[in-house]
Amino acid sequence: MTNEVKISTKNVDVFYGDNHAIKDVSVDILKNTVTAFIGPSGCGKSTFLRCLNRMNDTIDSCKITGELLMDGEDIYAKSVDPVQLRAKVGMVFQKPNPFPKSIFDNVAYGPRIHGLVGNKTDLEEVVETSLRRAAIWNEVKDRLDAPGTSLSGGQQQRLCIARAIATAPEVLLMDEPASSLDPIATAQIEELIDELRNNYSVVIVTHSMQQAARVSQKTAFFHMGDMVEYGDTTAIFTNPVDQRTQDYITGRFG
Amino acid sequence: MLALTALLIVGLAIGFFILSRAKAISVSQGALANLHSRPSYHGTYVMLWVVIVGLALLLVLMLGGNAYLDAKFLGDIRAALPDARDIEIDLVLSDVKAIAAGLVSSRIDPLREATAIDFATADAVRIWATVAISLGGALLAGVLGMRQISAEWRARNRSERIIVGILWLSAAVAVLTTLGIVLSLIFETFNFFASIGWRVDKFLFGTRWSPLSGVQDGMMDMDKVGAVPLFAGTLMITGIAMLVAVPIGLFAAIYLSEFASPKVRLWAKPMLEILAGIPTVVYGFFAAITVAPFIRNAGEAIGLSVASESALAAGIVMGVMIIPFISSLSDDVINAVPQSLRDGSYGLGATKAETIRQVVLPAALPGIVSAILLGVSRAIGETMIVVMAAGQGANLTANPLEAVTTVTVQIVMLITGDTEASTAAGPAFTLAFTLFCITLALNIFALRFVRKYREKYD
Amino acid sequence: MISMTELSKIHNSPESAARLKKRRAAEWRLKAYGIMAITLAGAALVTLMWSVVGKAAGAFTESYITLPVYLAADEIDPDGTGERAIIGRANFGGVTKDALKDAFPFVKSRGDKRAMYDIISGGAAFELRELTMADPAIIGQTIDFRFLASDIADLYLKGSYGDLVEQNAGGTLTVQSDGKTAVVTSSTTDFAFVMARVKSDLLAKAAFNRDQAALQENGRAVFTQRGDLDEAAKREAARDRLLGVAEELEARAALDGGREALDKNSPSVLVRMGETWVKLTEVSATGGEGKIIGVLDSGVRAAGDWQVYLQDLPEASRKVSDLQIVLIENLRSAGAVETVFSKRFFMAGDSREPELAGIWGAAVGSFWTMLVTILLAFPIGVMAAIYLEEFAKKNWVNTFIEVNINNLAAVPSIVYGLLGLAIFLGFFGVPRSAPLAGGIVLAVMTLPTIIIASRAAMAAVPPSIRDAALGIGASKLQTALHHVLPLSMPGILTGTIIGMARALGETAPLIMIGMVAFIVDVPTGVMDSATVLPVQIYRWSDFPERAFEARTSAAILVLLVFLIFMNGLAVFLRKRFERRW
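Protein chains in written order, with this note's numbering: chain A, 1 to 254; chain B, 1 to 458; chain C, 1 to 581.
FYI, nobody ran anything at the bench for these hints, they're computed from the structure.
One or more of the hints may lead you astray.
[Claimed, not checked] With a Cα cut of at most 27 Å, we get these calculated DSS-like pairs of lysine-lysine:
# : chain 1 : residue 1 : chain 2 : residue 2
1 : C       : Lys22     : A       : Lys78
2 : A       : Lys88     : C       : Lys343
3 : C       : Lys108    : C       : Lys55
4 : C       : Lys101    : C       : Lys113
5 : C       : Lys55     : C       : Lys394
6 : A       : Lys78     : C       : Lys9
Modelling step: build the complete structure from the supplied sequences, incorporating the hints.
This is the structure:
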């Protein structure tokens, strides 16, 4: 864990039409760190996550104000192409969403569209590396031509992580990546997240406090669009400052 | 007369409804709770039987009686004119009917007049017998039904069962329709093939189509029934239509579902719906009056000779007709591709175009293919545009600027032409049967595709 | 092994930026294709509508020619009975012709007379007859009667054959007449415009001949190369002949002054002097010679007392002759011509004469046909849908029925026509051409649409409603009829209206069962012979008379108005009543 800031956000507000979804949030995402966003459903943690790679751009009614910087550069600057940004800030979704293509083509998708590698051998290597990193290589190495949809739920999610890794991002956003998975698959994903920390900044949204405690070093607690508390995970879970955080982690609501 | 009888039967049924309900009330001895079914169900039960028995008898006797009379008098006339041909005997019979009904007949002679008197008598007997038997049957059904009424009688369950039976019959009309289509087409197809000595290959692979020019003693010249020019013409016009409709329809669907603002969608979608709602005869007129002359003039301007009924004109207009068909079906399947797949692609930094080309379209491909297949089936079966704007002579050519004819055009020409119906029906119905089989196969194939696709995402 | 961290640096490289530009361009292209596709579809729709609407206007007006007509008692009702039957047998066609002869006594030759009669519709005599039968008191009088103009006169008045354009003429005109033909000479070159036109035509002809000669020259060269000298010589001769013709034409065109003949294939030049006209057959820059239409003596006309007109379309390319134009123009100058709104188009049945043909018969035929269709298709369709949605168990019979319905929806409509021909006409003996037959065929064709739409509407009713009804002891049938059916009615009606709209525009199957026959009478029931609007459109589109083009377009317009109304109703029902659960 370093203290180098990868993404810094200051006074961010998000509106959906008239709905004030995120209120004055300031968080720093550190390099080689797993940051967890926790909070009850509807608290805005996923919305905030989607601001970090401009996935909210696809929603017309969404307005964002405030300062979001990655490596000191404004994410929302006119000169920044969201397509380029998303190549650097990869994303894994709540429900596994493999493309209706082969396993190989799923992982090769990112490298191909971004032109990361020049030849087939390199591409195969990138695919293998990504699948290995996502800890699924051994399960799929003999059937790379099989459709991605033929895998089990946990395997599909790891495939989606491999797909995100293959694009060679610097930051990896994960929106409740284990919520639709069984405990064994969840454990595998968590182990994987811990490993990924070595190479990427990882931001994970989760509603499971145990999961946050297990995988993250930093935790931000969201409530009704406010970011209530942000700090070291151990501190938040053992010694929360705010009453609402305490209520949440002791199970009074959520 | 017979319509009046049907009305009488309905009246009778209403009467029985009232009677039966009254009887049920009296059976209940003042306490309706004693009855298993409410009185109006007793009424309904008897009423249903009266209507069903009465109308069924009426229908059967009407059709059967007509057929019987026709057969009997045809036999009589044949006995009187042993040397006459079938068609002459038919003519005599229709004259006899005309004389009997007091209308103008083609000729009047003693045979016709005598037979007409017989016919008028027999026809009167038939009508009165039909009326009497169906009314009697209805009455009997009513009386028998009323005898059933008692406190324990489960009139509700029984009448509901009858009604569900009627509902089932309505659904079975679809099967009857298919059966009717297949039987009528097969019957004439059989006759036609018999008239060319079962050389089906001559029909399927022959290249000269002029079936009515070589008819002799009920046999056709098997060298003039080659349908290849028709198939080729249909294929060419369909091909041109799809060249117009598929790119325009598909790109329109992609644009509307992925790029267009709600405002654009608001007027573009109704526009496509209007295009879909225009009757084909209007498209035909447009093709013949506006598009064909335009193409001919444009061709002449660059030194090409273009037939005034070119395949190109008919094909282009047919393509315009099919655009909304392709676009709305494609729009549906593109919208059915889950948003999560698009998000997955955007999340990796793909542009919209890359997402559409590499994720959305492959996922929607089966649906799009089936939409195209259904469009092809439409184009093959389309009649008015080609009747009004394509050629009539069977011309085997690969040049879209020449006039070609199609299967549907030939069916219309054969059926509406001057040739005797019994001769022209053979080739016409055979062509229609071919058409039916092709469109059916395309449709089944397309539905399979869609079902496979649905299984994947639902 | 590739380092992913190294790889990620590519995202910030200039290559990546260049690549991104290309990727964005590809996106822009895809979007452009989409906009192009929508624009093309829109352009097709606009062109279609414009070409229909633009042609339709002519059908909504008709022209009348008012002439004094003498209703001679000894011809119409010699005995003065005043009986309708006797008056009805009189020769009103002759009376009409006499009225024209009186108006234009100078028209003498048989051909000219026939042309003159042709400016009035054949139907006008019948209207005169009706008028006389209704009011026998006018017999023996001379009345002003509004004769319906014929189609060609009507089209000319509406400008369909181009306009008669007045040219500048400033000279004094000297006329030498022999009664039939006249030589006219102007003091200035008032006819130079004709010479210019004729000369440019000559040059065009010369150019054509030169093109042909060039082709022959090609042939000559090819045959010479092959050594076939005989053929080459033939080509050479042909070439020289064509070149000769071209040179002669060019010489004629180059000549100042001179005279040129005008024939049926040249534009018409008409000199007008009051009611009398001269149609020029030969022309020079200052005058010409031509046929007198009217009565004309030799003499001199001051500038302003005569005009010269050009009709650009040659006589051979139009149905209305120069004589007819002159007669119509004279009538127009006399204020005897009017063009008014045509009620007839909406109130009349079919006719072979375009100016008499209307759509009322077809509209009524459509009404009866649709009545039969909806009476059959709606109840059967809804009952079938209730069965399939609420009662059908999953077994092979019901699956078979469902597959059948889906396939029937894709069967070409013409096949339904043949079904009607073989089964309903051939087997059940339904009369040919009757709305009953058409209605049955369209009902069978529409059934799948109604069943599928009704089932979708019923399937949208949530199961909780069925459970609630069944829970309080209603039978399955009561649940279906009392709860599901009323709730799904808006959806069912929407589907039915859309199905009916399609049936209303359907043509091919009705042609198969003989509804394409020529029927003048308006049908009074489902057993009468009838035709329907779309078939009427098809028939009219096939007629050679030009006036039918406008009527076809107008009939299409009427049909489209009905269809838009029906579809609008469906949209309204859907918006207003359909519930989202």
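These are the hints, each one checked on the structure:
Note on lysine 22 of chain C and lysine 78 of chain A: the hinted pairing holds, with a Cα-Cα distance of about 19 Å set against a maximum of 27 Å. A C-alpha spacing of about 74 Å is found between lysine 88 of chain A and lysine 343 of chain C, which places the hinted pair above 27 Å, so the restraint is violated. Taken as a hint, the lysine 108 of chain C and lysine 55 of chain C pair is broken in the structure, with Cα atoms around 37 Å apart against an allowance of 27 Å. Distance hint between lysine 101 of chain C and lysine 113 of chain C is fulfilled; the C-alpha atoms sit about 8 Å from each other, no more than 27 Å.
Of the pairs offered as hints, the one joining lysine 55 of chain C and lysine 394 of chain C is violated, with about 55 Å between alpha carbons and a cut-off of 27 Å exceeded. Between lysine 78 of chain A and lysine 9 of chain C the alpha-carbon distance is near 22 Å, which keeps this suggested pair within the 27 Å criterion.
The structure fails to meet hints 2, 3 and 5 from the earlier list, while all remaining hints are met.
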